[in-house]
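Visitor: Given next are the chains, with one letter for each unit.
Protein chains: 2
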Amino acid sequence: MGSPPSADPRVEAILRRGVAEIVVEAEFRKLLASGRPLRLKMGFDPSRPDIHLGHVVGLRKLRQLQDLGHQVVLIVGDWTARIGDPSGQSVTRPMLTEEEVRANAETYMKQFFKVVDREKTEVAWQSQWFNAFTLADVIRLASRFTVAQFLAREDFRKRYETGQPLGVHELLYPLLQAYDSIAVKADVEFGGTDQKFNLLVGRELQAMMGHTPQQCFLVPILVGTDGVQKMSKSLGNYIAIEDPPHEMFGKVMSIPDSLIMLYFELVTDVSDKGLAEFRSQLEERSVNPMVLKQRLAHEIVEQFYGHEAAKGAEEHFNKTFRQKEVPISSVRSFKVEVASYLSGQPPVKAATQFIDLTKVMVAAQLVGSRGEARRLMAQRAVELDGEIVENPLVDEKRMLDGSILKVGKLRFVKLIRDDVGKK
Amino acid sequence: MGSPPSADPRVEAILRRGVAEIVVEAEFRKLLASGRPLRLKMGFDPSRPDIHLGHVVGLRKLRQLQDLGHQVVLIVGDWTARIGDPSGQSVTRPMLTEEEVRANAETYMKQFFKVVDREKTEVAWQSQWFNAFTLADVIRLASRFTVAQFLAREDFRKRYETGQPLGVHELLYPLLQAYDSIAVKADVEFGGTDQKFNLLVGRELQAMMGHTPQQCFLVPILVGTDGVQKMSKSLGNYIAIEDPPHEMFGKVMSIPDSLIMLYFELVTDVSDKGLAEFRSQLEERSVNPMVLKQRLAHEIVEQFYGHEAAKGAEEHFNKTFRQKEVPISSVRSFKVEVASYLSGQPPVKAATQFIDLTKVMVAAQLVGSRGEARRLMAQRAVELDGEIVENPLVDEKRMLDGSILKVGKLRFVKLIRDDVGKK
Numbered sequence: 003m004g005s006p007p008s009a010d011p012r013v014e015a016i017l018r019r020g021v022a023e024i025v026v027e028a029e030f031r032k033l034l035a036s037g038r039p040l041r042l043k044m045g046f047d048p049s050r051p052d053i054h055l056g057h058v059v060g061l062r063k064l065r066q067l068q069d070l071g072h073q074v075v076l077i078v079g080d081w082t083a084r085i086g087d088p089s090g091q092s093v094t095r096p097m098l099t100e101e102e103v104r105a106n107a108e109t110y111m112k113q114f115f116k117v118v119d120r121e122k123t124e125v126a127w128q129s130q131w132f133n134a135f136t137l138a139d140v141i142r143l144a145s146r147f148t149v150a151q152f153l154a155r156e157d158f159r160k161r162y163e164t165g166q167p168l169g170v171h172e173l174l175y176p177l178l179q180a181y182d183s184i185a186v187k188a189d190v191e192f193g194g195t196d197q198k199f200n201l202l203v204g205r206e207l208q209a210m211m212g213h214t215p216q217q218c219f220l221v222p223i224l225v226g227t228d229g230v231q232k233m234s235k236s237l238g239n240y241i242a243i244e245d246p247p248h249e250m251f252g253k254v255m256s257i258p259d260s261l262i263m264l265y266f267e268l269v270t271d272v273s274d275k276g277l278a279e280f281r282s283q284l285e286e287r288s289v290n291p292m293v294l295k296q297r298l299a300h301e302i303v304e305q306f307y308g309h310e311a312a313k314g315a316e317e318h319f320n321k322t323f324r325q326k327e328v329p330i331s332s333v334r335s336f337k338v339e340v341a342s343y344l345s346g347q348p349p350v351k352a353a354t355q356f357i358d359l360t361k362v363m364v365a366a367q368l369v370g371s372r373g374e375a376r377r378l379m380a381q382r383a384v385e386l387d388g389e390i391v392e393n394p395l396v397d398e399k400r401m402l403d404g405s406i407l408k409v410g411k412l413r414f415v416k417l418i419r420d421d422v423g424k425k
Numbered sequence: 003m004g005s006p007p008s009a010d011p012r013v014e015a016i017l018r019r020g021v022a023e024i025v026v027e028a029e030f031r032k033l034l035a036s037g038r039p040l041r042l043k044m045g046f047d048p049s050r051p052d053i054h055l056g057h058v059v060g061l062r063k064l065r066q067l068q069d070l071g072h073q074v075v076l077i078v079g080d081w082t083a084r085i086g087d088p089s090g091q092s093v094t095r096p097m098l099t100e101e102e103v104r105a106n107a108e109t110y111m112k113q114f115f116k117v118v119d120r121e122k123t124e125v126a127w128q129s130q131w132f133n134a135f136t137l138a139d140v141i142r143l144a145s146r147f148t149v150a151q152f153l154a155r156e157d158f159r160k161r162y163e164t165g166q167p168l169g170v171h172e173l174l175y176p177l178l179q180a181y182d183s184i185a186v187k188a189d190v191e192f193g194g195t196d197q198k199f200n201l202l203v204g205r206e207l208q209a210m211m212g213h214t215p216q217q218c219f220l221v222p223i224l225v226g227t228d229g230v231q232k233m234s235k236s237l238g239n240y241i242a243i244e245d246p247p248h249e250m251f252g253k254v255m256s257i258p259d260s261l262i263m264l265y266f267e268l269v270t271d272v273s274d275k276g277l278a279e280f281r282s283q284l285e286e287r288s289v290n291p292m293v294l295k296q297r298l299a300h301e302i303v304e305q306f307y308g309h310e311a312a313k314g315a316e317e318h319f320n321k322t323f324r325q326k327e328v329p330i331s332s333v334r335s336f337k338v339e340v341a342s343y344l345s346g347q348p349p350v351k352a353a354t355q356f357i358d359l360t361k362v363m364v365a366a367q368l369v370g371s372r373g374e375a376r377r378l379m380a381q382r383a384v385e386l387d388g389e390i391v392e393n394p395l396v397d398e399k400r401m402l403d404g405s406i407l408k409v410g411k412l413r414f415v416k417l418i419r420d421d422v423g424k425k
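If you're matching them up, the sequences are chains E and X in order.
Okay, so the first sequence: first residue is 3 according to our numbering, each after it adds one.
Okay, so the second sequence: first residue is 3 according to our numbering, each after it adds one.
Just to be clear, a hint being listed does not mean it is correct.
[Claimed, not checked] As a list, the in silico EDC-like pairs of lysine to aspartate or glutamate whose alpha-carbon atoms are at most 20 angstroms apart:
no., chain 1, residue 1, chain 2, residue 2
1, E, Lys160, X, Glu163
2, X, Lys232, X, Asp196
3, X, Lys160, E, Glu163
4, X, Lys337, X, Asp271
5, E, Lys112, E, Asp139
6, E, Lys235, E, Glu108
What the hints contain is simulated information worked out from the structure, not anything from laboratory work.
Just so it is clear, the structure is predicted and the values come from calculations on it, not from any experiment.
With these hints in hand, go ahead and build the complete structure from the sequences.
Guide: Set out below in C-alpha cells:
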C-alpha cells in the first residue's frame, strides 16, 4: 500500500515527515502521480484568528504541495463559527458580528500567507453557499447521516455519556464542514488528527453525492511549550507566529529538552540528515541541549522574520534572558572568598557544600544586615543568576564565577570566585 | 389541582371524557375560566390526509371547545412532512410534490370540517414561516435543545439503542413542530398521547422565547377494529370517516365486544347517564352485545351522514352481513331430520353430536354424491351460515333452525330442523 507509484523524492519527503495519517495514502499517491493540480482544502475558524506553531505543521504541508504545483483552497468558516454558541449563553465561543468576522479573517490571512503561497491560494467563504441555504437544504443534508454515526465522534460521545450538554445544533457542525468539500470540490482536506471525524464525514458526503471522495491528510498535534498539552492559545502554552522575534526566540528556549527533536522535525526545514545528527548528539550527550535549542529557536525565528532578525533575537536572548537583563559590563564585581562563607550546617551529602548567601550579601554591601537579607529573601526580592533565592543556604556549585547576585530592582554585583581554577 | 375554578358543566364534561392527560390541567382550567377565546393548535401531516375514528377523538374535543367560543388553528405540516424521508431511499414516507401536498390538504380539510367548525378555524401552513427559514434560524432553534433531551423521546431512544437508523434530520421534526407554536401563538396544543414529547418541546420553546407556554391536551389513542393495536391506516384496522355509510356500519359491527363502551365514550355523544346504563346492561348480560353494537354503529354513521343514512346502513347490514347476502325470502327450505344424519363417529365429548354434512348435501340435492360434496369442501366452496366448512363432520349445534347451507355461488337451501322445540 505504502510503496510509491511516484519515486519523486520531494513527494516522499512530504509524505514521510509531519504526517500522522493519510486516508487513503495509496489513493493520494495516485492523485499526486496523475500530474493534475489538486485542490487542497483547509478551513479555519474566524473566531480564532491567531496562528501558532501548532497550525504551522499543517500549513507547511500545504506550502510544500503548492511548491509541487497544487492549489490551496482556504475556507473561511464564517458559518461553522456561529455554531460555537448561537444562544449566547456561554462565554466560550461568542457570536461574532459580520465586521468582526471580516476583521478576524484578515488577521488570519496575514499570518497564513507567511507560510502558504498567496499566488496559489483561492479563498472561499462559507457564506458564499450557506447564506442561500434553505431549511430544505438542511433537512436533505442532515438526512444523510444518523445520530449514532455522529455520537461515535469521541468528544460528542463523551459529552453525551457523561451528561454534559451537547446541543442539537452541534451535530450540524460536521455536516457544514462536509458540505464545504462539495462546494469547493476538494481533492484533499487537511487537518490535525483531532479533525479526523469531520474530514471523514466530508469524504463520505462527497461519495454519497456522486463526487470523488477527498483524501484526508492528518497532521500530528504539536505539544505546547509546557511539554505536556497540545499547543493552544487558551492553555497559554503557544508560540504565535505574530510573536515578535525576541519573544518567539525566548518561548522556543523555554520548551523542555524532550521536545527539541519533535519541533525540528515538524516546523523546520533542517534536512533529515541534519536531524539524524542532532538526534545522535543528544543521545550521546555530546552536545549541550541548550545549544541545539538555540539553533532551533534561530531556525524558527528566521523562518518568519529572516536571518538578521533571528540573529538579533539570539543576541537579545543571551543578553537578557540568560543574564536577566543585567548589563554585564557596568556591574560592580565582588570577590567571594568561598571558604569563608561556607555555612556551619553539616553538608547533606558529602559532596555538597553550602554558602550562606546572607553573609555574602552583607559583605558585598547589598544589605545592612543578615536580618534584612533574610526579610528580602522572604519577599522574593533576591535573585542569583535570575533565579529567586528563598533559602539562604545555597549549594556552592550554583554560585559561578561571574554569577549575578541581585537585590530588589537596582542593587546587584557580579561575584568573582577566588577559587576558580583550584577546583 | 383537579378541582374546578370553573363550575361550567360543559367544561367539566370536556375535561372528563376523551382526555388522557392535560399538562397542566390547573393552568388550562384557569385559561378556560378567563373568558378569553383560546387558540387551539392542531397540526396534521399532509402526506397522510385520511382521517379515521382515531383522529375523531381529538377533533371532537376541538369542536366542543369551539362551541364554547374558542378558536382552532389548523396547521398544515407541509414542512414536517418532508422530514419523513427526504433522501427518497425509503418507501415509507415519500417526498410529496407541492401539488400533492395541496391536494392532500384539501382532502384532509374536507374530512376535518365534518367534525370541526369551519367558521371558528384558521388554517396556517408551515410554509408561511419555514419557507423563509435560513441556516441561521435552524442553528438558533437547534441550539436550544440537547441531543440527550431528544434521545429521551421513547421511539428515538429505542431506535438509537437498538442500532436502528435515526437520521440527524429527524431531530429537527420536534423542533419544527415546536416552532409552529411560536408562529401561531398557540394557547393549547392537541395530540394523541404518543405526541406528548413533541407537544412538550413546543411548550418549552415558548417559555425559552418569552412566550406563555402552551397547554398540552393529550387524547387517548383509539384501539382499532382488531381490538389490539392502535387504529391506523397502515394496520388496516381503521374506520375512515370517508367510508360510505354501509361500510362504516359494517366495520363498527366487526369490533370485539370489549371495545363497545370505549367507542361509545370516545366517539359518540351518548350521555354519561346513557353510558352507565349500557355498561351495567353489559355487565349483567341483560342485553345482547350485538344490539348495543348496532346502536353504536348507528350513532357513528349518523354523526357523519345523518339519521336516514344510518337507518339505511343498518338495514343493509342486517340484510347482507348477518345473512350473508342471501335474500332470505326466496330461499328453498329443506327439512333436516337431525337424528338420521348424525355421524357414526363416537362423540368426542358426551355432549357433542356430529352431523355428516355430505349426507345432508346429497339429501338436499345440492350435490350429486358425497364424493362431490367432499371435493367441494376441499375447494372451500361450502358455507354454513357464511362460514366455510372444510370438515364434513359438523357439531349439530352449529346447524340452527334456519341456517343457510350454500354450495358455490348459486346453490343454497335454508335448513329447517325437525327437532326444534324438542331439545
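Visitor: For every hint, state whether the structure bears it out.
Guide: A quick look at each hint next to the structure:
1. As the CA atoms of Lys160(E) and Glu163(X) are separated by approximately 16 angstroms, the hinted pair is consistent with the 20 angstroms bound.
2. Between Lys232(X) and Asp196(X) the CA atoms are separated by roughly 11 angstroms; this keeps the pair inside 20 angstroms, and the hint holds.
3. At roughly 16 angstroms between alpha-carbon atoms, Lys160(X) and Glu163(E) fall within 20 angstroms of each other, so this suggested pair holds.
4. Of the pairs offered as hints, the one joining Lys337(X) and Asp271(X) is violated, with about 47 angstroms between alpha carbons and a cut-off of 20 angstroms exceeded.
5. About 34 angstroms separates the Cα atoms of Lys112(E) and Asp139(E), which puts this hinted pair outside 20 angstroms; it is violated.
6. The suggested pairing of Lys235(E) with Glu108(E) holds, with an alpha-carbon distance near 19 angstroms, which does not exceed 20 angstroms.
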